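There are 2 protein chains.
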Amino acid sequence: MAQKPSIPKGTRDFSPVEVSKRNYIVSIMRNHFENFGYQPIETPSFENSETLMGKYGEEGDRLIFKILNSGDFLEKVSEEELVEKKLKKLTSKISEKALRYDLTVPFARYVVQHQNEIEFPFKRYQIQPVWRADRPQKGRFREFYQCDADVVGSTSLWQEVELVQLYDSVFSDLGLNGVTIKINNRKILTGIAEVIGASDKLIDFTVALDKLDKIGEEGVKKEMVEKGILETAIEKVQPLFNFTGSINEKLEKLSELLSSSEEGKKGIEELRFICDNVIKLGLKKAILDLDVTLARGLNYYTGAIFEVAAPAGVSMGSIGGGGRYDDLTGIFGLKNMSGVGISFGLDRIYLVLEELDLFPETVTSSTKVLFLNFGESQAFEAMKAITTLRNNNIKAEMYPDAAKDEKQFKHAQRRNIPFIVKGINNNLFTLRNIISGEQVEVTLDDLIKKIQ
Amino acid sequence: MAQKPSIPKGTRDFSPVEVSKRNYIVSIMRNHFENFGYQPIETPSFENSETLMGKYGEEGDRLIFKILNSGDFLEKVSEEELVEKKLKKLTSKISEKALRYDLTVPFARYVVQHQNEIEFPFKRYQIQPVWRADRPQKGRFREFYQCDADVVGSTSLWQEVELVQLYDSVFSDLGLNGVTIKINNRKILTGIAEVIGASDKLIDFTVALDKLDKIGEEGVKKEMVEKGILETAIEKVQPLFNFTGSINEKLEKLSELLSSSEEGKKGIEELRFICDNVIKLGLKKAILDLDVTLARGLNYYTGAIFEVAAPAGVSMGSIGGGGRYDDLTGIFGLKNMSGVGISFGLDRIYLVLEELDLFPETVTSSTKVLFLNFGESQAFEAMKAITTLRNNNIKAEMYPDAAKDEKQFKHAQRRNIPFIVKGINNNLFTLRNIISGEQVEVTLDDLIKKIQ
Numbered sequence: 058m059a060q061k062p063s064i065p066k067g068t069r070d071f072s073p074v075e076v077s078k079r080n081y082i083v084s085i086m087r088n089h090f091e092n093f094g095y096q097p098i099e100t101p102s103f104e105n106s107e108t109l110m111g112k113y114g115e116e117g118d119r120l121i122f123k124i125l126n127s128g129d130f131l132e133k134v135s136e137e138e139l140v141e142k143k144l145k146k147l148t149s150k151i152s153e154k155a156l157r158y159d160l161t162v163p164f165a166r167y168v169v170q171h172q173n174e175i176e177f178p179f180k181r182y183q184i185q186p187v188w189r190a191d192r193p194q195k196g197r198f199r200e201f202y203q204c205d206a207d208v209v210g211s212t213s214l215w216q217e218v219e220l221v222q223l224y225d226s227v228f229s230d231l232g233l234n235g236v237t238i239k240i241n242n243r244k245i246l247t248g249i250a251e252v253i254g255a256s257d258k259l260i261d262f263t264v265a266l267d268k269l270d271k272i273g274e275e276g277v278k279k280e281m282v283e284k285g286i287l288e289t290a291i292e293k294v295q296p297l298f299n300f301t302g303s304i305n306e307k308l309e310k311l312s313e314l315l316s317s318s319e320e321g322k323k324g325i326e327e328l329r330f331i332c333d334n335v336i337k338l339g340l341k342k343a344i345l346d347l348d349v350t351l352a353r354g355l356n357y358y359t360g361a362i363f364e365v366a367a368p369a370g371v372s373m374g375s376i377g378g379g380g381r382y383d384d385l386t387g388i389f390g391l392k393n394m395s396g397v398g399i400s401f402g403l404d405r406i407y408l409v410l411e412e413l414d415l416f417p418e419t420v421t422s423s424t425k426v427l428f429l430n431f432g433e434s435q436a437f438e439a440m441k442a443i444t445t446l447r448n449n450n451i452k453a454e455m456y457p458d459a460a461k462d463e464k465q466f467k468h469a470q471r472r473n474i475p476f477i478v479k480g481i482n483n484n485l486f487t488l489r490n491i492i493s494g495e496q497v498e499v500t501l502d503d504l505i506k507k508i509q
Numbered sequence: 058m059a060q061k062p063s064i065p066k067g068t069r070d071f072s073p074v075e076v077s078k079r080n081y082i083v084s085i086m087r088n089h090f091e092n093f094g095y096q097p098i099e100t101p102s103f104e105n106s107e108t109l110m111g112k113y114g115e116e117g118d119r120l121i122f123k124i125l126n127s128g129d130f131l132e133k134v135s136e137e138e139l140v141e142k143k144l145k146k147l148t149s150k151i152s153e154k155a156l157r158y159d160l161t162v163p164f165a166r167y168v169v170q171h172q173n174e175i176e177f178p179f180k181r182y183q184i185q186p187v188w189r190a191d192r193p194q195k196g197r198f199r200e201f202y203q204c205d206a207d208v209v210g211s212t213s214l215w216q217e218v219e220l221v222q223l224y225d226s227v228f229s230d231l232g233l234n235g236v237t238i239k240i241n242n243r244k245i246l247t248g249i250a251e252v253i254g255a256s257d258k259l260i261d262f263t264v265a266l267d268k269l270d271k272i273g274e275e276g277v278k279k280e281m282v283e284k285g286i287l288e289t290a291i292e293k294v295q296p297l298f299n300f301t302g303s304i305n306e307k308l309e310k311l312s313e314l315l316s317s318s319e320e321g322k323k324g325i326e327e328l329r330f331i332c333d334n335v336i337k338l339g340l341k342k343a344i345l346d347l348d349v350t351l352a353r354g355l356n357y358y359t360g361a362i363f364e365v366a367a368p369a370g371v372s373m374g375s376i377g378g379g380g381r382y383d384d385l386t387g388i389f390g391l392k393n394m395s396g397v398g399i400s401f402g403l404d405r406i407y408l409v410l411e412e413l414d415l416f417p418e419t420v421t422s423s424t425k426v427l428f429l430n431f432g433e434s435q436a437f438e439a440m441k442a443i444t445t446l447r448n449n450n451i452k453a454e455m456y457p458d459a460a461k462d463e464k465q466f467k468h469a470q471r472r473n474i475p476f477i478v479k480g481i482n483n484n485l486f487t488l489r490n491i492i493s494g495e496q497v498e499v500t501l502d503d504l505i506k507k508i509q
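Those protein sequence lines, which keep their order, are chains L and A.
To get the working numbering, take the position in the first sequence, counting from 1, and add 57.
To get the working numbering, take the position in the second sequence, counting from 1, and add 57.
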C-alpha cells in the first residue's frame with residue numbers, strides 16, 4: 058500500500074487532546090446523571106434489522122447502516138431475485154443486522170426484553186456512538202455519540218421538573234452561562250391546531266412563526282397564507298405574534314387563546330406545574346423559557362418538549378433536546394409505558410466550550426515530569442524515582458533512549474510536560490521548570506511536593 | 058411486532074450493575090495508563106475495507122464484519138458478476154467499509170496518517186469495542202472491548218520493563234494477588250528452532266512442550282516425534298524438559314543451550330535486561346516468570362512476548378498479552394517504526410474479579426436516599442431538600458408518584474437504596490436506615506452528614 062491511509066468520510070480520529078476534552082464533558086454528565094438517580098446501561102452496536110427498520114420513517118430506513126451477513130451471504134437469494142435488483146428485498150436477504158441509529162429505540166427494546174428484571178420507574182442513561190449514512194457536512198458526522206437520560210414507567214411531571222434541573226446542573230458545571238432551556242408541550246400545539254382549524258398545517262404554522270424575529274409579522278403572515286393557512290385562522294391566534302413577557306404572562310395569554318381546546322388547557326396545566334416548580338426550586342445558570350414554536354419530533358412527543366440553546370452570541374444550533382412520549386415501548390408490544398427523556402449534543406457542546414475557551418487547563422495536562430535519559434546506570438535511578446512518583450499518583454515518564462539533550466528537551470516541550478529532571482546525583486534531582494526556567498536541586502520527597 | 062425482541066447472537070446488553078463494574082475496571086486501567094504517560098486516542102468504528110483486509114490472514118478476512126454500501130449498492134455490479142456469485146469479488150463491490158477487528162491495525166493506520174502531528178516516541182492507549190464474526194460460545198463474543206497500551210517509535214527495552222510494571226500496577230490495584238506475568242522472546246524461539254534444525258516445526262514444538270505438566274516428558278516427546286521432529290533434535294534441547302528454577306537459572310540454562318545461535322543469544326540478553334530491571338525495581342503483587350513455550354502471535358512479534366495468567370486456582374485463560382513488533386506501520390508504508398504493547402482482556406478480568414468477589418461494594422451503590430412521595434405539597438419540600446443534597450454531590454431521588462407506602466418502600470429495597478425519608482415536618486426529616494431499621498428525625502444538615 059503506497060498511498061497514505063485514510064478513514065471513511067464522515068468519521069473521525071480523536072487525538073489525545075480531543076479525547077481528554079470529550080472525556081471531561083462526559084464525566085461531568087455522568088456525575089450529574091448519577092446524582093439524579095439515572096443508572097447506566099449499554100446495548101450492542103448492532104441490532105437485528107427488524108428491531109430498527111421502520112422505526113425512523115422511510116428516510117431513516119435508508120440512513121441505517123446495514124451489515125452484510127457473514128459467510129455465504131447469497132445463500133438465501135435465488136438467481137431471479139439477484140437479477141431483479143430489488144434493493145430493499147435483496148437487502149433483507151443479504152443483511153440481517155444493522156448499526157444502531159439512535160439510543161431511544163434500543164432503549165425501548167431493552168426495556169421490553171428485560172421488563173421482568175427491571176424495577177420501574179426505571180431511570181437510565183446511555184452514552185454510546187450511533188451511526189447514520191447521512192451526507193457528511195460541517196458538524197454532521199456518520200459516527201457520533203449520543204448522551205441520553207430517560208425515565209420510563211412514570212407519568213409524574215416531577216420527572217420533567219427534574220430533567221430541566223439536570224440540564225441546568227450539567228451546563229452550569231461546564232461553566233456555560235446563559236444557556237436557554239426552551240420548553241413547550243405537544244398538547245399546546247394540538248390546541249393551536251384546533252384553534253386555527255388545520256392540524257395538518259401545524260408544522261407550516263410553527264416553522265413560519267419561528268421566523269418572526271427575522272422576517273417580521275407581515276412576512277410570517279404572508280408565508281402562512283402561502284402555505285394555505287386561512288387569514289381568518291391566523292387572526293384567531295394574533296396574540297402569538299406578540300408573544301413576549303415572563304413564562305406566567307405567556308401562560309396567561311395561552312389560557313385565553315386556547316380556552317376552547319380541552320387538550321390545549323391540559324397542556325397549559327402541565328407546563329404551569331413544571332415551570333412553577335422549576336422556578337421555585339431555582340436554576341443555577343440556565344434560563345427557562347416557554348417557546349410555542351418548539352415542535353421537534355412532532356409525531357413522537359406527546360407531552361413536554363425541550364430544546365436547549367447555547368448562550369446568546371454563540372452561533373450554534375440546539376445543544377440538547379428531548380420530551381415525553383406516552384408510548385415508548387408500544388412498538389415492541391409493551392403498552393402503557395410512558396417515557397420522558399433528554400439528550401445532550403456532545404459534539405456541539407464541545408464546539409461551544411472551545412469557542413468560549415471554557416475547557417479547564419488541567420483537562421489536557423498529562424505527564425507532569427519527564428526524566429531525561431543519560432544512559433543505563435542513571436536510567437535505572439530515574440526509573441526507581443519514577444516508580445515512586447507513579448505510586449504517589451503522579452504522572453511521570455523517562456525518555457526511553459539516551460538521545461541528545463536537545464532532542465529530549467524538545468520532546469518535553471512538544472508534549473507540554475511542565476517539568477524535567479536533568480540529572481541525578483547522590484539522590485538529589487536537578488529539577489527544571491520548563492516554562493519559568495527555574496532550576497533546583499531537590500530530594501525525591503521535595504520533588505514529589507513540588508510537582509503535586 | 059408480537060414476539061419479544063432480542064439481540065443478535067454473540068452480543069450483549071449490559072445492565073446498570075454490569076456497566077458500573079466494567080467502568081470500575083476501565084477507570085483503574087485508565088488511571089494507570091495515564092500515570093505511565095500513555096495518552097488516549099479513539100478511532101472510528103468502521104475503517105475503509107482496504108485498511109483492514111489482508112491484515113489478519115484469510116481466516117481474519119472472513120471474520121471481519123462488512124458494511125453494505127448505502128444507496129444503490131448494486132450500482133457497480135454487472136449482471137454477469139451477480140450471477141457468477143463470486144463472494145469475495147462481489148463483497149468488494151457492494152461493501153467498502155468494515156467494522157474494526159482489533160485496535161492494533163487502526164493504531165498503525167492512525168500513526169501513519171497523523172505522523173506529522175505526532176511527537177515520537179508516542180505512547181497511546183485505546184479502549185474501544187471490536188467486532189468479529191466468530192462463532193459465539195461461552196466467553197467469546199462478537200462484540201467486545203479491547204484495552205490496549207502501545208508505544209511506537211522507540212526500540213528501548215525500558216518500554217518492556219515499564220509494560221510489566223503497568224500490568225502489575227493495574228492488577229494489584231484491582232486487588233488481584235498472584236497474577237503471573239509470563240515473558241518470552243521471539244529470538245529465543247528462533248534460537249530453539251535453529252538448534253532443533255526445523256523452524257517450520259517451531260509451533261508444534263512449543264505446543265507439545267506446553268503440555269509437560271499434563272502428559273509428562275514421555276508424552277511430550279511422543280507428540281513431537283509424531284509431528285515429525287527428529288529424536289536427535291529433541292535430545293539437543295533436553296534441558297527444556299526440566300526447565301524450572303528462578304528466572305536467572307532459566308537464563309543460564311538457555312545460555313548454554315543456545316550458545317550456537319546469535320539470534321538466541323540476543324534474545325537472552327534482552328530478556329536479562331528486562332527481568333533484571335523489573336526485579337530490581339520490584340513488583341507489587343504480580344509474579345514474573347520466564348516461559349519458553351510462550352509463542353502467541355508468532356508471525357507478528359519480533360522481540361518480547363507477554364502473557365498474563367490469572368491467579369492459581371481460577372480456571373481462566375490468559376487475561377492479557379502483548380509483545381514487540383519491529384515493523385508496526387510497514388503495512389501502511391511507514392518503515393522502521395518499532396512498537397511494543399500490551400492488551401487487557403476486560404471480559405475475562407471481569408469474570409475473575411467476580412469469581413474472587415473482588416468488586417468493592419461501593420462500585421454498584423448508586424442512589425443513597427429515596428424520599429417517599431406523599432402528594433404535592435410535601436413533594437415540593439422533598440425536591441427542595443433533594444436539590445440541596447445533589448448540590449452536595451449526594452445521589453438522591455424522590456419516588457415520582459404518590460403511590461402506596463409499601464410500593465415505594467419496596468422500590469427502595471429493590472434498588473438497594475440504603476436510606477429513605479419517610480416524612481418531612483417543620484424542616485425535620487424522618488430518616489430510616491432500611492437495613493438496620495434505625496429511624497431518626499434530623500435537620501437537613503444532619504441528614505447530609507449522616508448520609509455522606
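Just to be clear, a hint being listed does not mean it is correct.
The list treats identical chains as one, so a pair stands whether inside a single copy or across any two.
As the list claims (entries may be wrong) - Straight-line alpha carbon distances no greater than 27 Å define the calculated DSS-like cross-link-like pairs of lysine-lysine that follow:
1. K143 <-> K133
2. K133 <-> K145
3. K452 <-> K78
4. K66 <-> K112
5. K133 <-> K146
6. K133 <-> K150
7. K258 <-> K61
Note that these hints are calculated values from the structure, not bench results.
Just so we're clear, the structure is a prediction, and the values are computed from it rather than from any experiment.
Verification of the supplied hints:
Proximity of K143 and K133 under a CA criterion of 27 Å is satisfied in both settings, with 15 Å inside one chain copy and 15 Å between copies. For a Cα distance limit of 27 Å, the shortest separation of K133 from K145 qualifies both inside one copy, at 15 Å, and across copies, at 17 Å. With identical chains, the CA atoms of K452 and K78 are at most 27 Å apart both within one copy (18 Å) and between copies (25 Å). In this assembly of identical chains, K66 and K112 lie within 27 Å of each other by CA distance both inside one copy and across copies; the values are 26 Å within and 22 Å between.
When the C-alpha separation of K133 and K146 is checked against a cutoff of 27 Å, the pair qualifies both within a copy, at 12 Å, and between copies, at 18 Å. With identical chains, the CA atoms of K133 and K150 are at most 27 Å apart both within one copy (6 Å) and between copies (19 Å). When the C-alpha separation of K258 and K61 is checked against a cutoff of 27 Å, the pair qualifies neither within a copy, at 52 Å, nor between copies, at 37 Å.
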